[in-house]
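There are 4 protein chains.
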Amino acid sequence: MCGIFGVFGHREAAKLAYFGLYALQHRGQESAGIAVSNGREIREHKGMGLVAEVFDEETLVQLKGHIAVGHVRYSTTGASALKNAQPFCVTHSKHTYGIAHNGNLTNSRELRERLEAQGSIFQTTIDSEIILHLLAKVASRGIEEALTIVMETIEGAYSCLLLTEDKLIAFRDPHGFRPLCLGILNGGYVVASETCALDLIQAQYLRDIRPGEIVIIGKDGLQSIQAIPPSPRQARCIFEFIYFARPDSNVFGENVYLIRRSLGERLAEEARFDCDFVMPFPDSGNYAAVGYARASGLPFEMGVIRNHYVGRTFIQPSQSMRDFSVRVKLNPVKEIIRGQRVLVVDDSIVRGTTSRTRVRAIREAGASKIYMVISCPPIRFPCYFGIDFPSRGELIAARHQVEEIQRYLDLDGLHYLSLEGMLAACRAEDGSFCTACFTGQYPIEIRTDLSKNILERHP
Amino acid sequence: MCGIFGVFGHREAAKLAYFGLYALQHRGQESAGIAVSNGREIREHKGMGLVAEVFDEETLVQLKGHIAVGHVRYSTTGASALKNAQPFCVTHSKHTYGIAHNGNLTNSRELRERLEAQGSIFQTTIDSEIILHLLAKVASRGIEEALTIVMETIEGAYSCLLLTEDKLIAFRDPHGFRPLCLGILNGGYVVASETCALDLIQAQYLRDIRPGEIVIIGKDGLQSIQAIPPSPRQARCIFEFIYFARPDSNVFGENVYLIRRSLGERLAEEARFDCDFVMPFPDSGNYAAVGYARASGLPFEMGVIRNHYVGRTFIQPSQSMRDFSVRVKLNPVKEIIRGQRVLVVDDSIVRGTTSRTRVRAIREAGASKIYMVISCPPIRFPCYFGIDFPSRGELIAARHQVEEIQRYLDLDGLHYLSLEGMLAACRAEDGSFCTACFTGQYPIEIRTDLSKNILERHP
Amino acid sequence: MCGIFGVFGHREAAKLAYFGLYALQHRGQESAGIAVSNGREIREHKGMGLVAEVFDEETLVQLKGHIAVGHVRYSTTGASALKNAQPFCVTHSKHTYGIAHNGNLTNSRELRERLEAQGSIFQTTIDSEIILHLLAKVASRGIEEALTIVMETIEGAYSCLLLTEDKLIAFRDPHGFRPLCLGILNGGYVVASETCALDLIQAQYLRDIRPGEIVIIGKDGLQSIQAIPPSPRQARCIFEFIYFARPDSNVFGENVYLIRRSLGERLAEEARFDCDFVMPFPDSGNYAAVGYARASGLPFEMGVIRNHYVGRTFIQPSQSMRDFSVRVKLNPVKEIIRGQRVLVVDDSIVRGTTSRTRVRAIREAGASKIYMVISCPPIRFPCYFGIDFPSRGELIAARHQVEEIQRYLDLDGLHYLSLEGMLAACRAEDGSFCTACFTGQYPIEIRTDLSKNILERHP
Amino acid sequence: MCGIFGVFGHREAAKLAYFGLYALQHRGQESAGIAVSNGREIREHKGMGLVAEVFDEETLVQLKGHIAVGHVRYSTTGASALKNAQPFCVTHSKHTYGIAHNGNLTNSRELRERLEAQGSIFQTTIDSEIILHLLAKVASRGIEEALTIVMETIEGAYSCLLLTEDKLIAFRDPHGFRPLCLGILNGGYVVASETCALDLIQAQYLRDIRPGEIVIIGKDGLQSIQAIPPSPRQARCIFEFIYFARPDSNVFGENVYLIRRSLGERLAEEARFDCDFVMPFPDSGNYAAVGYARASGLPFEMGVIRNHYVGRTFIQPSQSMRDFSVRVKLNPVKEIIRGQRVLVVDDSIVRGTTSRTRVRAIREAGASKIYMVISCPPIRFPCYFGIDFPSRGELIAARHQVEEIQRYLDLDGLHYLSLEGMLAACRAEDGSFCTACFTGQYPIEIRTDLSKNILERHP
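Chains as they are written, first to last, in the numbering used here: chain A, 3 to 461; chain B, 3 to 461; chain C, 3 to 461; chain D, 3 to 461.
Honestly, I wouldn't trust all of these hints.
Identical chains blur together in the list; that is why a pair holds if it fits in one copy or across any two.
[As the list claims (entries may be wrong)] In the DSBU-like style, the derived pairs of lysine-lysine whose C-alpha atoms are separated by at most 30 Å in a straight line are:
(1) 66 with 96
(2) 371 with 336
(3) 331 with 139
(4) 139 with 169
No wet-lab data here; the hints were simulated from the structure.
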């Protein structure tokens, strides 16, 4: 997953990009970067780590210009070297281009092999570089025609921003997998993965970038081109609602907090357990838990305390510290839990290992019964469009029935929200969402040998 | 405010101290330090910033030993140079001493002037150095007698840890201002400001260090000395319950979460407003809000979203970004708030400026009415015992009536918990707590020219 | 100017490369880099600054492998960013290549424009990248045929090393502008710009790489290919003898110290002045001064002291410190110079500004007469083959007669060695050297719009 | 050994101190520091490494003020932590003092023990801190009387600078062991270990600070106090001439270059060998070699080349690189040495190990005979006054006769200058110099258990 942010027409474009990325930090904590243009020349700064670690006042001051593109990247693979950080910038025939990409191409391997056979030299293993090499081949035709050719060549999920010396360009794949919204700020334009980035800089939301659309923003204003027609099979990622987007964002036209509270209310309709109170695993289960408590009439408690004051620690615990990685973030309040029947709400179970240690911590705090409800169906299939699930073999629900999972987690009861319940809460009954991680029905044909890190194997 | 942590008798003492400080990070974010002894030699590492920034695996590995003392420091003054970080270590007549101190001495100025006149050279402006200079004068009498003499000389609030080559020593002032608790771990001992530090490393809580007590832990076990009798006027800091301690800690024998929930329930008894739902300012108002919702039967919502994913930012916002410092942390969810009558719960109001921008952000999100309840009485007096309140002139309640504050904050209603309500919720009716910040009745006579940073004026 | 070094067949190849570059540091102080292969995988480390600043034990330890290529770079232009540091490595169609280059291509502009029109994307502005892009186009033909095609395409001066996963390859332009020598060490091979690098690691000198030759060193030994015939107009750079190479090196088959002493002896034959002693400007004039003293019978003194103990300073002097940049390095010994007639020996005068302040410093130390002799003819033309002279307009001898220069430098006498004298001392009467900087007769046709930094303008 | 530098009355005092230390870098390469006062407040910056590494433009800009004191430190012991770097600054009773010290106290152990017994806490193991603790005890009497009392208490070698908020104070021990000179610059004053520091900043030499003198420089000018009478046994360090001072300095009123050339001329009178040319070990033997060549009529060559272009390397050589530590700095020119009878001139032999590898390198370059002359007598006794010789056991001449040393070094001939020859060349026949390292006759009684690092053991 990644977050992208672009701005055109603001004296402090880099600073706005900084805060835009800051608001989108939840979409990627591995690297951050900003490229900026003053109309003639592009400068960039990138680094490993959080936005607030990568940039300081001094680096921002040097990024002078009124157009900027920023990117935060998430990756769990070895490929996470600095050179793969984005925006990715190149100079070709006296022009500079900077690209920021959210999503995953599904035909990147064939494209790269074909380009290398023609003599292209690649610097990175990221999809975005393929887009730029394709662009360089046809750049002489003008950016509009060139980008249209590129969009006809690439396949998969892409919400992209392209920076040139004098333009900010946004384009989105015809299936509309990943969100991308457009806003205005004092006569300038802002493009961002989520509306929470607009809120922070006090920009006004205008509309979403449309599937298959290219938006070119220059000194003469905004130009929209429907480069390729929207796919008849729209495939918005429903997992943005379940887990990924920030609760205070609107994505795909809906407020995430309200959707999550509805998911909790649906859960309360589908499953009741005999318990003393409802509590979330913070913060992933917070809003569904509020919905569950409201619909069920059960008291709401915050039975595990999240340690907010600390940074991330990379220190390995001493051997004697069992379940440390959970406790360092979440401490159960024994005085609240001891002797109680507890209903825990969470948004999803992926591998099951984290949930298991969390449940154990609650049991050790003295709970007499522990029930759990999950605000989506079991995740059984990998995602090829940008969500970094583990391979199928590691997804606990791909190999185990719900009863087995309940036993593995040592729960007294477990309920997953039904597919229908989820679709209803998400107002997604019209089939315009991708739910492949639950159903295995992919909106694009996927060859089975493909993996997210296919390019890694080249060198 | 500060947090202190000590361990005796564990092979990885520095690592335990690291995690102990990590759990105590909320007590001080400015600097962190650990001193460790292997029985013969003391090493230390200190730095500015969070525990996770100051230490890495490499620095911890070099801190070999089975005895350790750690410290996190909070300060808003210019005095926050690295040289004032603790533990503060000196070598004197072939012995090394490291001290970590939570609290404030009230006669530090006289003591320092007297010592300098005799030729003592000070390296820092911290109280802890005074304690060590006094100790050096009488060190030849043995640590037990020497420390007793020192405790008879110094006045004010002090919960301290002293590390020598072969001992861990804890001592606490006779009024018992600051908490300090003792635990055991696999036959070794742990001393910490709060029990949440014991929880993280899975140590068992034993008891509190008693007012006026010296506890000396060495290879022959633990020795307790009542160096000076406990003061008949006990003065435990009630603000540890209201705001300072972590909700999952027990301090002064009570669980902080439960106390805070009781404060919210008391508020619901004292003040009702005609509103649609209750919401906290996260996270300071969380537990009182849960209590208020439970006692009042009103729905509980999380109407402002705290941005958890980000580090601290030091970048100044662009001029156009009004109320930025609030919005960067807390984003109101417009879809929840718009058109609603909102009751906001918070723990305290100090200067009033932060509360004011928060209230404004909620009003801009579209609230029709905003009421606020505060889980303690108005703070009217400075603290000389270690809580870093601003000077009296800056405390909004020192100069203004509640009605004026309500008007300043632009609220439709405001209620502070009564002193009696607070004492009852805290089970503090027996007068054993210091409530001077609310009442002005100080348990120790304070000369009016004294300020926390008096030593700063020396050089 | 640059220095290059390669090694094949030593367990600590990176460490040898480090010391080889250390010995070649005089050929480039701006950046340093080493790429190493363990037979399967190439790693590199590069940085701005001196070899000893760029590498430490830790970085060297991580460069594991038995084949290595290193490079030190000299540049006075703005183009000196880290990304232009060498060796320059790319991965193409699953193979990695690292190149290190000494010299300058004279048709780089046309080549780059042609490649970009075909869609190639460049990362840097260095000639070496052009060589790799050309190679990528024909790489499928095998390294031997591919490199031959590349050498037929590029023009100008190049002594190059190419590292692949399992080979070390050296190749040199058909004119033989820059030196490149081959040595052996315990059964392995070493290639270096100068023999002083072989001396330091105790390798044995074998022979020079021949003009137009490709030498491929792999696990089956050394293979020599005369890829293109040596040019009938050999053009070895005579300035390597005058100034550039280290005195303890042999280049082009001759010892540099002996050549320089001969230059001094020739000077003594050509010009005698009535003076008390001979002194060099250290260290550039040292060996010619020894030769002059020996041939003339005059006493030799070290009248200005070079400050050896210091690093480089980047601190600007206070305004009152006149001629500071000279004095910080060279301090005249007043007690030696006062009242004396001094003959100063130096190797060359480029802009004249440095010489002028040096002469002034000697005059202020009290010399009664100052004469100067220079061990080469006046430099009047720029170099397009890798020596970083300033543009013609800045070369003092391009615009001024010797008498004018003498007056500008405030000398009582000035003599430049004659072209014939220089050729005789260098044993270069056979016309196999490039002397274009003195004569303007370039061995390759140069289009007048060309400049060394042509690629910088791309931008 | 150390170098000290002070300035009073210049707007850019810190910058002058920087360049003064830069010129004195040969007196200490381990740490560097500058303390500066603007008349009210003292700031300092210190670090490990060379002056040019410790300071940059930014750190210097922050050291605002018109009075400055600087120090470079040399130490081969483990005691070289940053905290022992100088100037050493303390604040006492609202005043700040910064001290810089060249030399060694001989009664430091007794003084420290006495002070600690009275409760003083030491931060470092350097002599300078003892001076400040003594000063703190009597500071209320005024600086003049207080310093006089301190000088009556301490024993040994000390040339010191003391910085207060508004004064620069210089004082020197009554034996005059270490040099210290006074200069003027644009109406301000400069104090430095050697005159080369005055030359670099273009200050005029005025006179030496006298043995036993205190010079106090303030806004009302310079005040001289003969605090204690000069010792009848003056003990200027003759090794400053032989080895330590820079050749372009005057110390103790004589020019070092001329003295060293005289030492070489004396050597030529005392010892002749049948050889082809004279060469120095650069740069320690340079000036004596010039003198020897001049007096003997033999040709002068620079047969080993010093690698000037490199920084220091801390990389360990590969095992196969024999005598690496010599070759990395000095490369013999085989073409000069092969088949020749060589006379090598050097200034001293301490342990003999370095000389031995150097001689071996010359032999491997093909010399037929190697003779060596040394410009001082054999060093047989340790120095307690600031020269960092090894302990007696490691001094080769303390345990071996000249013939044995010749055999150990594998020489065909070896001659040390006689004591009389040295005294004559140094114009030191009047007995006013300390020659204890040659004779064992110490000018101050030394207790045999004393060592330079005595304080280290405290621990």
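| message | If you test the structure against every hint from before, which numbers come out violated? | response | Going through the list in order, the structure violates hint 3 alone and respects the others.
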